[in-house]
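What follows is each chain in one-letter form.
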Amino acid sequence: MTADATIDTTPAAGSKRERTRAQGIRRFKWAVLTPFLALMLFILMPALLLQGYFSFFAFSIFDAGENTGFSSYFEASEWVGLDLWSDALSDAKFGLAIIRSLLFATGVTVGCFIIGFALALLMYRPFRGQGIYYIFFILPMLTVPIVIAYTGEMILYQNGPLNDILSIITQTRVEAQFLYKQEVALTSIAFLEIWNWTPFSFIIMMAGLASLPKEPQEAAQILGANKWRIFWEVQVPLLRPVILLALILRFLESMAEFPKTWGLLQGGPGSATETVPVYIFINAWQFFDISYGAVLSYLILFMMAGIVLSAIWLLRREKKSLDAMYESKPQEG
Amino acid sequence: MKISKTNLTRRQALKTGAAAAAVTAASTGMAGKAFAGSAEDAIIKAAKAAVPGGQDITGIIWSNYQVALSGPMQEFGKATGIDLKKIQDISTFEIPQRAMAEALSKSPEFDIFHVDSNMIPSLASAGLLEPLDQYLENAGVKINAVGNFGEFMTYKGKTYGVPTDGNVHVQFIRKDLFEDPDERKAFADKHGREMTWPETWEEELELMNFFTRPEDNLWGSANLRDRGSSLAWWYMYLYSAGGFPFTDDLEPNIDNDAGEYAVQTFLNVKSASHPEAAGWGTPQMIPRIINGNAFSCQYWDGIIALAENPDKSKTAGKWSYGPVPGSKFSGKLIKRSISTPIVSMLVNRHSPRKEAAAYLAAYMATADNSARIVGDRVNTFHDPWHVEHFKEGSLPAKTYTPGGMAAIEQNLQITTPPIYLTGLLEFETELKRNLSEAYAGDKTAKQVNKDTTDAWARSVRRIGKRRLKEEFATYKALLPTIDLPT
Amino acid sequence: MSMTKSQRRHTFSAFRYLVLTVWLTIVAFPMFWMVSTSFKPDREWFAWPPVYISENATLQNYLVVWADVSEYAVDETGNLETVAQSLQRPWTALGNSALISVISTTLTVLFGSVLAYGVSRYGILSEGRMFQLLMLRMVPPIVLIAPISIWYSALGLLDSITGLVMLYFLTTLPYAVWMSKSFIDEVPREMEQAAEILGASRMRTIWEVVLPLVRSGLVATFLFILILTWSEYLLALLLSKTAVVTLPVELSKYQGSTEGRIYGRQAALSVGITLPLIVVGLIIRKHLARGFSFGMVRR
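Residue numbers (our numbering), protein chains in the order written: chain A, 1 to 333; chain B, 1001 to 1486; chain C, 2001 to 2299.
Simulated from the structure, these hints should not be mistaken for laboratory data. Keep in mind that a hint or two might mislead.
As the list claims (entries may be wrong) - Here are the simulated DSS-like cross-link-like pairs (lysine-lysine), alpha carbons at most 25 angstroms apart as the crow flies:
#	chain 1	residue 1	chain 2	residue 2
1	B	K1450	A	K93
2	C	K2005	A	K16
3	A	K227	C	K2005
To be verified - Okay, the calculated beta carbon distance ranges per label pair:
#	chain 1	residue 1	chain 2	residue 2	range
4	B	E1199	C	T2092	49 to 55 angstroms
5	A	N159	B	D1311	37 to 43 angstroms
6	B	K1048	C	L2155	33 to 39 angstroms
7	C	G2095	A	I135	43 to 49 angstroms
8	A	Q171	C	I2283	25 to 31 angstroms
9	A	E175	B	D1483	23 to 29 angstroms
10	A	E175	B	G1403	42 to 48 angstroms
11	C	W2207	A	R27	17 to 23 angstroms
12	B	K1086	A	R27	44 to 50 angstroms
13	A	K320	B	K1465	58 to 64 angstroms
14	A	N159	C	P2188	57 to 63 angstroms
15	B	A1050	A	A38	42 to 48 angstroms
16	B	D1182	A	Q171	31 to 37 angstroms
Please read these numbers as outputs of a predicted model, since none were measured by experiment. Built from N, CA and C at the ideal position, the CB exists for glycine as well.
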């Protein structure tokens, strides 16, 4: 879709100039990609391979004690085949952790998006004070998650300011427990996450709305469409790829949320906040059951890959249809 | 009584602090300082012979604990050139996990781990720990602890740790409420018996329920019920009921009557606990204790020093201390307290500086030095353990009040370790999860024990039954032989 | 009862201010609470009813946390005793955080934008590959941390700035490429062609024509990546020991404090962690106003 039309092709094929040019581009391409691929090859790949190894060979930290050196990890591992995989697949706690994470991520994604989009809709046309609101609205994104966790604790504490404010508003003593009741604990963390990351959705939607072409809206207005119809039938369809992107990115990020959940509740009360990252953390870094952690990690990788690939497929489809729509219009260049 | 309050930088303070500490040691009239110095001198001599010229060493220590250690450490550094220069400063509750991570990476980076000695089996199995017997012998140091406590530093016959702290749970009761005539009368009217010091968990529960008054922001119990550290209480309930977590064949041994009693006792306290207690760890609970929002609890003995410090506590002078309650479940009254975490110094086997580290650790365990460490009035993280600490007029006795010291000694006589086996973190995490779910109302006591049994059986398989059986005798040997403190 | 156009506009305007102000309150309150708590003396940390603005405001929390000042008193026997002492060495952590996040963000944005330029102008990565790049971001760091720590220990990269920077580079690169590409795409190619026709070299064209036009976008990208690296917690926690402790890890030490939650100190440290990013954000606010749409909208 990109630049090929303008700069690098134009088939004067065979001409010497074009050939050096193509060579130059290839050289540039590899010069750029090499450091990145090198990192992938030397950092990520070995980690993934080790992970794969440990998922079939049970490693015990308590057998690795006698020797030193890198090879001792392999000496302390024992072939168990698919045992750990079947353990993991029948692990009810892991299943619950996945459900919790999915619920959490979905709730957060939708929450961030609705608030972010609503704010963007109210704000994308200039008005007095727009700049001030804008700055304030992006502040939460600039706040470190672990800070949010601790500040959240101070506010949500039973004798904290939130209950006090609610008490003043309702004129009764509100003694809600936001963190230590297991029905609401995950929801409270979800609200902290929404607070933290609404700016992200907001900024994306602001950029999206601001860049919408005026003509279709004006045309619709002339045709007598009301604001609501213009919104649903003109603006939203044009925004679909942006909306989808805002949703996907937010979903991925909240699936991986760890600092707030761990910093505040470490999986409790009960197991109410034992999300996937927390559960893997407990297995790999509390039990040092590296092998079981590896299996869990791979399962999550597969699951995420499935989610992401289908999301990307959707996104590409949306973007293509949007591109096609623009290209069919003669005035676009 | 404060003469003046002044702000200094930490560097200045440590310097002055060391000087002041030296003065303290001399002025508090520790019996024959000139002679007592010989124990210290012997260690210094051994260290100098082993590491001529000294060495800079590194460690994982929580700075809260480090402050009280800094006096002896600086003296040792001056005399031998062995200085603890670099520390990784993380909280004691996180150090077990970090030490395991060091064992995983077999890193020589840290020389000393200042960590719960109950991690010794796991860390030794993972190959991280250096046995200290030879060094202690060279330096002429004996770990002279109250009761069976010295054994807590050993594993399969070798000594792996030097204690700096003698953590044990002590019964706390609000004296002012307990002795109030109106309260006593009301209690007698209600229960048909006099209010007495609780001998059993059941008696304690009755007391705690009686003093639970949400309208006055007063709750009967300040026992922890969070997922993090509430397990300490479960151990007391189980051991005092005559139970034990595993059979001799390393089968989980809690899905039975004693196990159910322990969990049920754990859950019963809910009626006298603040509704948010399920999420409160020590950081949230201690303010409640010292601010007068709780009637009683079993708590770590270090809190005595905090609760009796009028600068920090609203309840100074209002507490009685004693042995923890017990249980008649097994047919006779047994009382069991618990020691976790017992912060002690362990040495990294992978480190090229392990000798220097071992002698530094040994230096902390002499009668004088340990008294200065646990006797620090403000940095009260280290608690008494040495036989000498409990002699009349000792420095720790001043910090902990005589009543407090008596209670500590009694509880040390009947103290127990948590599951002193390889895989402690794993066993405990599984149990914590289930207990915490039960406390939240999702599980019954029976289910807790069933689910924990399953999880433990898996852990035993993973860690290796043979390995665990080999160390099981060490664990059992740590349990006290007497039912009640003398 | 139909409203006139101007009436409707007024109603809408009032509604807008109302909604925005409500959200403004929600956004600002935690910030306010953090700052206000950082000035409270310890008796007010848990007070009921809560103290909103302390009448006994004190700098003690900041001094203890940041200036390494401990409170000392002399007792009746003339001994010096500590009344409160700092847990923290936050300046070192601040230095580490700044170094790590600035280095890795600069590298990522520099490299990412060059890559993005190549994609935008020469198609060096197909659209499919670009989407695959996003998958790097989908890997929750927790799933790789154990093997990475074993691998790093074999390479001697544990507790090193290089080790963390490399991981931050990899995990934030997708955002850097996507964001900067969307900004580069917006620069009309005609301008580059014109410059080339006028005889400017490739580098000069990029430097003098393209760069000024995408500067705003790159600055926004930089800030966004900086946010991610500055606040990263898990990798920094598990791969650091003594040498590269970062601020979020430093703050998490309050977690296990046994003298009760020390809200005031924690807040004073939190303010210090938050402030640098907010200052940077405010300085470059005008570059942020365009937002970022990752090229999902045609302009």
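Comparing the hints with the structure gives:
no., hint, verdict
1, B:K1450 x A:K93, "15 angstroms, holds"
2, C:K2005 x A:K16, "66 angstroms, violated"
3, A:K227 x C:K2005, "13 angstroms, holds"
4, B:E1199 x C:T2092: 49 to 55 angstroms, "52 angstroms, holds"
5, A:N159 x B:D1311: 37 to 43 angstroms, "23 angstroms, violated"
6, B:K1048 x C:L2155: 33 to 39 angstroms, "38 angstroms, holds"
7, C:G2095 x A:I135: 43 to 49 angstroms, "28 angstroms, violated"
8, A:Q171 x C:I2283: 25 to 31 angstroms, "44 angstroms, violated"
9, A:E175 x B:D1483: 23 to 29 angstroms, "43 angstroms, violated"
10, A:E175 x B:G1403: 42 to 48 angstroms, "36 angstroms, violated"
11, C:W2207 x A:R27: 17 to 23 angstroms, "20 angstroms, holds"
12, B:K1086 x A:R27: 44 to 50 angstroms, "47 angstroms, holds"
13, A:K320 x B:K1465: 58 to 64 angstroms, "60 angstroms, holds"
14, A:N159 x C:P2188: 57 to 63 angstroms, "60 angstroms, holds"
15, B:A1050 x A:A38: 42 to 48 angstroms, "46 angstroms, holds"
16, B:D1182 x A:Q171: 31 to 37 angstroms, "35 angstroms, holds"
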